[in-house]
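Put the two chains together into one complex, using the hints given.
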Amino acid sequence: MESIVEIKKLTKKFKKEKAVDNASFSIQKGEIVAILGPNGAGKTTTMSMMLGLLHPTEGETLLFGMDPRERAVREKIGVMLQEVSLMDTIKVREIIQLFRSYYPNPLSMEELIRLTGLKKEELNKRTEKLSGGQKRRVGFALALVGNPDLLFFDEPTVGMDITARKLFWDTINELAAKGKTIIFSTHYLQEADDISDRIILFHEGRVIADAEPDLIKKQLTKQSVSFITEHSISEKMFLQEAFVTDVFKKDERVHVITDDTDAVLQTIFTSNLDVSDIRVEKGRLDDAFSQLVDTEKDVS
Amino acid sequence: MKIVINQSRIEMIRVLRNPYYLFWSLAMPIVFYIVFTKIFDVETADKEVWAAHYLMSMTVFSVMGSSIMTMGIRLVEERSQGWTRYMRVTPLSDFQYFSAKMFGQTVVHVCSIVVIFTAGILFNGVRLSIFEWLFSASWILLASLPFLAIGSLVGTMKRVDTAIGISNVLYLLLAVTGGLWMPIDVLPKVMQNISMWLPAYHFGNGAWEIVRGQLPELQNILILVGYLVVFMVLSMYIRRKQDVV
Chain E
1 MESIVEIKKL TKKFKKEKAV DNASFSIQKG EIVAILGPNG AGKTTTMSMM LGLLHPTEGE
61 TLLFGMDPRE RAVREKIGVM LQEVSLMDTI KVREIIQLFR SYYPNPLSME ELIRLTGLKK
121 EELNKRTEKL SGGQKRRVGF ALALVGNPDL LFFDEPTVGM DITARKLFWD TINELAAKGK
181 TIIFSTHYLQ EADDISDRII LFHEGRVIAD AEPDLIKKQL TKQSVSFITE HSISEKMFLQ
241 EAFVTDVFKK DERVHVITDD TDAVLQTIFT SNLDVSDIRV EKGRLDDAFS QLVDTEKDVS
Chain H
1 MKIVINQSRI EMIRVLRNPY YLFWSLAMPI VFYIVFTKIF DVETADKEVW AAHYLMSMTV
61 FSVMGSSIMT MGIRLVEERS QGWTRYMRVT PLSDFQYFSA KMFGQTVVHV CSIVVIFTAG
121 ILFNGVRLSI FEWLFSASWI LLASLPFLAI GSLVGTMKRV DTAIGISNVL YLLLAVTGGL
181 WMPIDVLPKV MQNISMWLPA YHFGNGAWEI VRGQLPELQN ILILVGYLVV FMVLSMYIRR
241 KQDVV
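In order, the protein sequence lines correspond to chains E and H. Residues in the first sequence are numbered consecutively from 1, following the UniProt record's numbering. Residues in the second sequence are numbered consecutively from 1, following the UniProt record's numbering.
Looking at chain H on its own, in the form it has when it is part of the complex (with noise of 0.2 Å):
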């Protein structure tokens, strides 16, 4: 146990020594929530639910970057430059190696909550009961488990250029359709239909939901749980296939 601890919190000093990190995962959502809800005038009823609704629409967006790219181009680098190799000769186990990416990890989107959540606070003057920060935060917390699949499935790639370029466009991707960037509606009705079966809609819709006073849908749940499942089941079937030499 002792090792994971250690384990994880080197994981955890690499990640936010990673200047990619501070950029993509806290400097970017945070510059987007300023410029559409205080520069762009966003006609929306209520000010201060779309205040509320975009500072969860960033979050999400920053921690399902950090989920799909930090994890899996790492794990791509590590392998190609022989580091995952040599580890196999040291006591630390693969189960314990990957536990503690998962764990520095997620240490690491719990830090980029605070400070997003910071910074609705600060620019905006977000309010929020306690119930309803700490039920959002877990929530992206949660729900980042099957773009974390995505990331190791990122992770069996052979080259770091193709990982970089493959989970850069399928970041943005997702970001759009999953109308994190701006509201679903404003996406053509097919868009949308399509978004429906996305991941990313149901992780942010989850969050809307929880700071308009409800609970995120069940469909939310059932149709991350099951690309959770899928993503595991394709990751740990190539890493297998891999590993036999």
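Just chain E, with the same shape it has in the complex (with noise of 0.2 Å):
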């Protein structure tokens, strides 16, 4: 595998307080990446690391093995940082054919503008006279244009409404199926989840968690099997398999907690239980989320 991020051991006090404190963490080719954690866990400081913006008090970051300033690297990243401003007083086309003129391959026109979903109109108004989330639009042409090989959004979603948001993850979809690098940050857990293939979870300033999405949730979420039944059941059955580590009675359901879900039916259905009505819960992410801060607290 060919790794395209390389981050050491990077930290960044500004003045006492340390934004980011001592991440590591490489990314491959073609993985799609969420950085993930609430505000202020230190995401855009650590982004702006990676991206040379910022220079890390200790540490150093790699992209395609190069020192980010390189004009190598820039030729091969896009980049969207939050809150897009745009130099004014120029036209929508006019900025994006500036920007062309930048890299050595860059896309065309039509194809930056299927991408984005710009519309005509709007590549001839004036940057100053948009609207935010076409701002945003614009901004996100402007990360594609040079054809990038590794993409940066900081981010990405924050004030585009629903079918601005479904397009721009298509599109990332569709970047991705062509091998291309993502990473992006988030708050938003379900997307992060939705999206990428690797989350790298944030908490004030160090990195708490790195994992697919699956395991992240397998590792930290419970997961139970509930049903109801008019008969009493005895407890201790379940109790004495391995994958159940408790059982309880609540609102004249049974749940059955576990890390293993189908161990749990085939049980129920061996053992010929007169239940109805199985539920079958997984913890979705935002609970690993808020688990993860949790015990990260405990621990420290």
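Hints listed in this document are in silico derivations from the structure and should not be mistaken for laboratory results. The model shown is predicted, which means the values in this text are computed figures rather than measured ones. Wrong hints could be hidden among the right ones.
According to the in silico footprint, chain E covers these stretches of chain H (three or more CB under 8 Å from chain E) [said to hold, decoys possible]: (1) 2-16; (2) 143-156.
Non-contacting residues of chain E with respect to chain H, defined by C-beta distances greater than 10 Å in every case (computed) [to be verified]: (3) Leu53; (4) Asp67; (5) Asp88; (6) Leu118; (7) Gly132; (8) His187; (9) Ser271.
Computed spacing ranges between beta-carbons, pair by pair [as the list claims (entries may be wrong)]: (10) Lys189(H) <-> Arg93(E): 56 to 62 Å; (11) Phe14(E) <-> Ser80(H): 17 to 23 Å; (12) Asp161(H) <-> His55(E): 26 to 32 Å; (13) Leu234(H) <-> Ala72(E): 22 to 28 Å.
For every residue, glycine included, the Cβ atom is placed at its ideal position computed from N, Cα and C.
Below is the structure:
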């Protein structure tokens, strides 16, 4: 595997506050990585250091094995920062054409329009006359203009409506299918879960988890099987199984807490228990998230 | 190189679309020119020389203004809005970004010079030799460098409002003390002595000498070069300090 991003022991101190504390990870070609964390967790600071916009207090970042400030790197990356600001008094078409001239192999105007959903009339507008959503679309186009191999998006969907958001993620999936590497930060848990194939979870400047979404969920969330039964059921029968951690009755339902819901179902069926309305509940990443943050707090 | 040309072209378009530029750098000097050469009867020995002299004053006034204000304020705007930061993740280098701005600005100056000179010919029939036209135009372009450096110094300011306020005051003060609005002889003696050490007078005087068939004085050149060096070093120093984050 080709490692495209290499973060080594990255630390950034602002005055005495550690915004990022000893973060290390590497990202392989073709990965879609979500940098997830609550506000103030150090996501933007980490991204700024990855892009060479901030000097780390300690540690280093390498993109394609080089300093991120190298021109060769900049030709291969596309970036959308938070709060897109655009050069004013020029038309959208002009700014896109200008940016196309920066890169060796830019995407065509038609391709960019298709990918970002920019409209004809928007192309002839001056940038200062655009609405927030339109500015984001232009920002997205500027990120894609150089046909980059590696894409960075800092909180990309903030301020996008549902349609815009859907188009954005559809395009991201299309780019991912072409083998592009994509890194985005978000505090929308659902987004990280839906889109990424790997989540790097930040909390108070530290990386507290780094795994595929399912694994994070599996490790850190409770799963349960619950059902209604009129008969009294021997709790022991379940508790003696290794995969069951707890059994309790609440509001007429029996809940079996487990890390293997399939095995619980099998037990129910092979024992031929007289139960109805079986529900299998898997924890969502939201739960994993707050749990992670809580456990971390307990430790520290 | 293609990148710089493209970038300069865009910078140029942006300045020309800016209503402030059109007002301050083209409309104002031309109106002033008409007022002070046609409407008020300024007592001068030679009306023709005065028409040429004041044409130079107004052209210098215009170019000085866009040097100090247009570029400086734009730099502050782009930085405070995060655009400058964004440019750092593109292949365009800081140097290319900056030189394109300078280059675009210079082309705009050429445009201002041509427009105001034309106004002089149309309204007052100012007649100079081709050599004098070209020489005075080149002087105005070259001698504007210290003022572009002041502009880039303005460009290091944090807030757009501060930059606009300070550069306006600076601009008008320089214009008055430089004898650009009214000949320097009408100022009190003390002011005249101070003006001799300020850059605007020397900027103007070079052009005034040229339209009188002489060369700019050595003093003009030396003082302008001195200011250029000081302002450039200062603005580079501040910029470097700001970059260390």
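Open item on the list: Of all the hints numbered above, which does this structure not satisfy? Sort the numbers upward.
Closed with: 2, 3, 5 and 13
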